[in-house]
Structures are given as C-alpha cells and as structure tokens.
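J.: The numbering used here puts the first residue of the first sequence at 81, with every later residue one more than the last.
If you're looking for bench data, these hints aren't it; they were derived computationally from the structure.
Predicted, not measured: the structure shown is a model, and the values here were computed from it.
There could be a bad hint or two in this list.
Below 27 Å or equal to it, Euclidean Cα-Cα: the simulated DSS-like pairs (lysine-lysine) are [said to hold, decoys possible]:
#1 K527 / K554
#2 K527 / K478
#3 K367 / K338
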Amino acid sequence: MLRGAAPAFAAAASPGFSFPMSDKSVVTRIAPSPTGAMHIGTARTALFNWLYARHTGGKFLLRIEDTDRERSTEAAVQVIFDGLAWLGLEADETPVFQASRAERHTTAVDEMLARGSAYRDYMTPDELEAERTHARAEGRVVRSSWRDLTPNDAPDRPFVVRLKAPLTGATLIDDQVKGPVTFQNKDLDDLILLRTDGTPTYNLAVVVDDHEMGVTHVIRGDDHLNNAARQTLIYQGLGWTPPVWAHLPLIHGPDGTKLSKRHGAQAVSEFADMGYLPEAMRNYLAKLGWGHGDDEIFDDAQAALWFDIKDVVGAPARLDWAKLNHLNNHYIRLAEPARLAALVADIHRSRDLTLHDDHLTALAHVIPFVRDGAKTTLELADATVFALARRPLGFTDKARELVTNPETRERLGRLRHALAAAPAWDVATLEGVNRGFAEAEGVGMGKFGPALRAALSGGAPAPDLAGALVALGKDESLGRLDDALSLNG
RNA sequence: GGUCCCUUCGUCUAUCGGUUAGGACGCCAGGUUUUCAACCUGGAGAGAGCGGUUCAACUCCGCUAGGGACUGCCA
C-alpha cells in the first residue's frame with residue numbers, strides 16, 4: 081500500500097512544488113541512536129515525521145546518532161535500517177552518521193568560544209561533584225566558577241567547554257504539541273558542549289546537525305522537551321534560528337507504565353515476528369496519539385493528507401493489543417493472497433517445516449478461506465496447517481472418534497458419493513450439495529459437519545466445510561474422505 | 001529536592017464555553033451457524049478531586065492528588 085502511494089508523494093515533493101502554507105520547505109528527521117533494538121516509540125516518531133513531511137511536500141531525513149562509541153554497534157545500525165524499511169518509512173536522502181561530523185561539531189564550538197557564548201571549564205570531577213551537591217541543596221542549577229574568567233587565567237589541566245547560558249530572562253518553547261512552555265533561564269545549566277577528550281556531546285551535536293541538515297521541524301519524544309530549552313540556548317549561542325519544536329508523548333504499556341519487555345514487545349522487529357503487517361502498524365501507530373475525527377482505518381495517502389502536528393494529542397497513549405489485532409486482521413483480509421502465502425511460507429519454514437512446490441500451491445489456495453479469522457500472520461499460518469498435511473492424515477482422538485462412529489461413518493460414505501457427483505467444485509455448489517444432502521438425510525448439518533471437517537483435517541483447525549473442500553481440491557478432499565472411511569475405530 | 005509535561009468510557013480518541021458528551025477496540029446480550037473466527041443487531045460504560053471566572057464549563061484560571069520526563073563529560 082505504501083509502495084503504491086509513494087510515487088504520488090514523490091511527485092508532490094519534487095523541486096518546483098511549494099506547499100501553499102509554508103514559505104520554507106519542511107524538513108523533518110528521525111535521529112535514533114544505534115544501541116540495540118529499534119523501539120516502537122521510535123517507529124511512531126519516525127511515522128509522524130514521515131507523515132508531516134509527506135503532508136507538507138517536504139523531506140524526511142535519517143540521522144544515526146552514533147556518538148556514543150561505547151554502545152553503538154554496526155548491527156544496531158542495520159536494525160534501524162531494517163526497521164524503517166519494514167515499516168515503509170525510508171528517508172528521502174542518504175542517512176547522516178553523527179560520529180562522522182565530529183570535526184564540524186568542534187569547529188562550531190570554536191565559533192562559540194570566539195563569540196563568547198561558550199567557555200572552558202577547568203573544574204575537576206571532584207569539584208563538580210561538590211558543586212552539584214551544593215547546588216541541589218540550594219535548589220539551584222550547577223554553575224562553574226570558570227564561566228567569567230578570562231583565558232589568561234587558564235590552568236594547565238583538562239577542561240570541558242560549556243555553553244555560557246544566560247542567567248536571567250526566560251526561554252520560550254512554542255511547542256506544536258504541548259503549547260507554549262516557558263523555562264526560566266536561571267533553571268537552565270551551562271551544559272557541556274565538548275568533553276575533556278574534546279569529543280562533542282549530544283546536545284551540541286544535535287543542534288549543529290539539525291541546523292546544517294536544514295531541519296525545520298524537530299518532532300521527537302517529549303523526554304526531550306527539557307532539552308529543547310537548552311538546545312535553543314545553543315542555537316542562540318551560535319547565532320542560529322531554532323527549528324519548530326513538537327514533542328510527542330511516549331507510548332506506554334497496557335498498564336500505563338513505561339513500555340518494556342514484559343508488556344510483550346517493544347522492538348519493531350518483535351512486532352514483525354509476531355505476525356503484524358507493516359501497514360497495520362502504520363495505521364495503528366498513527367492512531368496512537370493522533371486522529372482525524374472518527375476515522376479509524378485509513379491508508380497512507382489519507383494519513384498524509386490529514387496529518388498535522390497540531391492535532392497530535394498531548395497525553396501518553398497505552399499500547400492496546402486488542403485494537404492492534406483488530407487492525408491487523410483488517411489488513412490481512414485486504415492483503416494480496418500471494419503476499420500472505422509468501423509470509424506464511426516463511427513462518428512454516430521458521431518452524432522447521434520443509435515446503436515443496438505443491439505446498440506453496442496449497443497455501444495459495446487455502447489462504448482466501450482462512451484469512452478472515454486471522455489476527456496475525458502467525459495465526460494465519462496455523463490455520464493453513466491442515467491443508468499442508470500429507471495423506472494419510474494423523475488424527476486426533478476426538479477426530480478419530482467422530483469419523484469412526486458407526487452411524488456417522490455410513491452417512492459420511494453417502495456424503496462422499498454426493499460430493500463426488502458434484503457438478504462443480506466451488507463454494508456455492510458445494511454448499512448446495514451439503515445442504516441438499518442434509519435435507520435428503522433428514523438431519524441437520526450438525527449430524528455430519530463436524531465429522532466431515534475431522535475427515536478433511538484430522539482434527540486440526542479448518543475453515544467452514546465448503547471452503548475447506550474447495551481449498552483442498554476435489555481429489556485431495558475425496559482422498560482424505562476415503563482415508564477416514566477406512567479408519568479403524 | 002528543583003524544573004517541565006500529562007489527566008474524557010477498561011483502552012485509543014471526538015468535543016475546541018451552550019451536545020441526550022460522539023466514534024473505534026474490548027466487554028455483555030441476542031442473531032447467523034458444521035468448529036473457531038468473522039459477520040449482523042442491541043446494550044452497559046467517561047469529563048481525577050476541590051475551588052474560581054461566566055448567564056453557561058469537559059472546554060478558561062488556580063490548588064490538590066496521581067502519572068511521567070529531565071536534572072550525566074548517555075543519547
């Protein structure tokens with residue numbers, strides 16, 4: 081669905097097209113750090129950035145924040161790429177790796193030093209610790225005594241470079257989600273820009289990179305709302321204009337606490353493994369914290385058309401598995417059978433089932449008859465198992481009991497002839513045959529339906545009778561019936 | 001401790017000073033029925049508390065309570 085819609089967006093975003101509502105083309109970004117799994121919250125942030133870019137005809141960029149060399153891994157970078165690709169949220173330009181820009185970060189600090197908006201701080205770790213204790217006791221923020229000293233006073237020892245933040249006044253964050261938020265500058269500390277070893281810190285790197293990547297709208301988790309004020313001060317220290325801010329509330333677990341492992345899943349890859357379709361995830365995630373009136377189910381094009389940051393809800397949302405399942409079921413029913421067959425085949429293989437060509441054919445046949453009840457592709461796979469089995473089928477005790485009951489067995493024998501004589505092998509015809517048979521026998525379908533299903537599936541879950549018969553095909557169906565008829569009670 | 005954010009049915013949300021507070025998922029009941037699911041019909045179900053402002057408050061303001069984030073030479 082995304083793939084189909086993408087070209088239209090690409091056209092809208094082409095050069096020369098300017099969205100009537102903005103004087104400057106919108107640039108958004110997702111900036112995850114590659115330190116492990118890709119959190120579902122990151123995925124939603126990416127979605128909102130992507131939607132807003134599509135909505136405005138702007139660009140959506142990706143920056144890998146790999147400045148923490150200790151924790152960043154190449155594998156985790158790949159996880160991010162894979163996660164975004166699976167979700168269909170690929171960036172409009174090649175990704176930027178923050179670590180590769182360290183040099184630019186330090187020159188930015190040099191500029192700040194020259195402008196007097198940053199200073200070298202020679203406090204030792206011990207002194208810092210002591211100051212932190214004092215500051216906390218006095219209910220104020222950490223201040224270094226070095227901020228007002230001249231370079232001549234510099235001792236010969238390691239230093240960090242700090243932002244020389246204003247001591248008075250206030251900083252206003254006109255947040256697009258939270259509304260105007262005011263911070264008193266006295267409450268904002270002089271954050272470290274460059275560490276003792278000369279490497280840039282997160283807040284500095286973010287500001288420099290966002291500015292130079294041309295990011296106009298910073299849409300991110302609201303755990304960064306406080307940082308927005310500090311970062312605004314860095315923008316000012318650099319003589320730059322801050323972007324438009326939008327801070328999204330976090331996604332919580334069903335119990336309202338921070339989403340974690342014990343809630344079932346938190347990584348994008350886990351949702352994929354659990355059998356959720358990416359378009360279902362997009363629809364669900366979009367509805368988590370944003371909405372468009374009473375619209376519940378919509379495709380990417382509609383979402384992009386409707387999406388506006390201003391409509392994002394300010395409160396955290398809880399993950400609701402039941403609703404996700406409902407949406408996933410909806411999209412499974414909409415999906416191309418061939419695509420579902422491929423997904424289901426992968427699932428069977430991952431469960432160590434060897435699939436032959438005739439199996440794949442069988443899958444393609446059966447999926448249309450079992451998809452309606454499937455909430456995930458895992459369930460879909462379960463529902464196809466009966467069709468993949470080889471004759472003679474293994475029977476569960478209950479199924480064996482059903483088909484070997486003397487009275488039922490005789491009736492099944494007569495039904496076998498009725499089916500063999502069916503003029504065609506499609507749902508409507510076979511439903512008619514079954515109904516006619518019930519009438520001829522003077523019984524309800526309950527008298528032989530369960531037994532027929534047992535004969536066809538051996539006791540595994542199977543769809544409604546006509547569907548199962550059509551999915552299996554005439555030869556296989558009759559063959560399975562014959563097998564069951566010759567079963568010893 | 002300090003700063004900041006959040007608070008409508010169980011859950012996601014609509015409402016943007018005047019509504020019988022709407023929808024969706026879930027739940028309950030009934031229907032359909034050869035299992036499960038799906039499907040159809042109906043139902044129960046909400047403004048955290050307390051004070052203001054106003055002719056009128058879910059909506060604006062304040063306080064309280066509860067939840068959360070930040071307060072790192074992590075990002």
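J.: Given the proposed pairing of K527 with K478, does the C-alpha separation stay at or below 27 Å?
T.: holds, 15 Å
J.: With the threshold set at 27 Å, check whether the alpha-carbon distance from K527 to K554 stays at or below it.
T.: Between K527 and K554 the Cα gap is close to 22 Å, so the pair holds against 27 Å.
J.: Taken at face value, is the distance from the CA of K338 to the CA of K367 at most 27 Å?
T.: With Cα atoms ~19 Å apart, K367 and K338 stay inside 27 Å; holds.
Hint compliance for this structure: no hint is broken.
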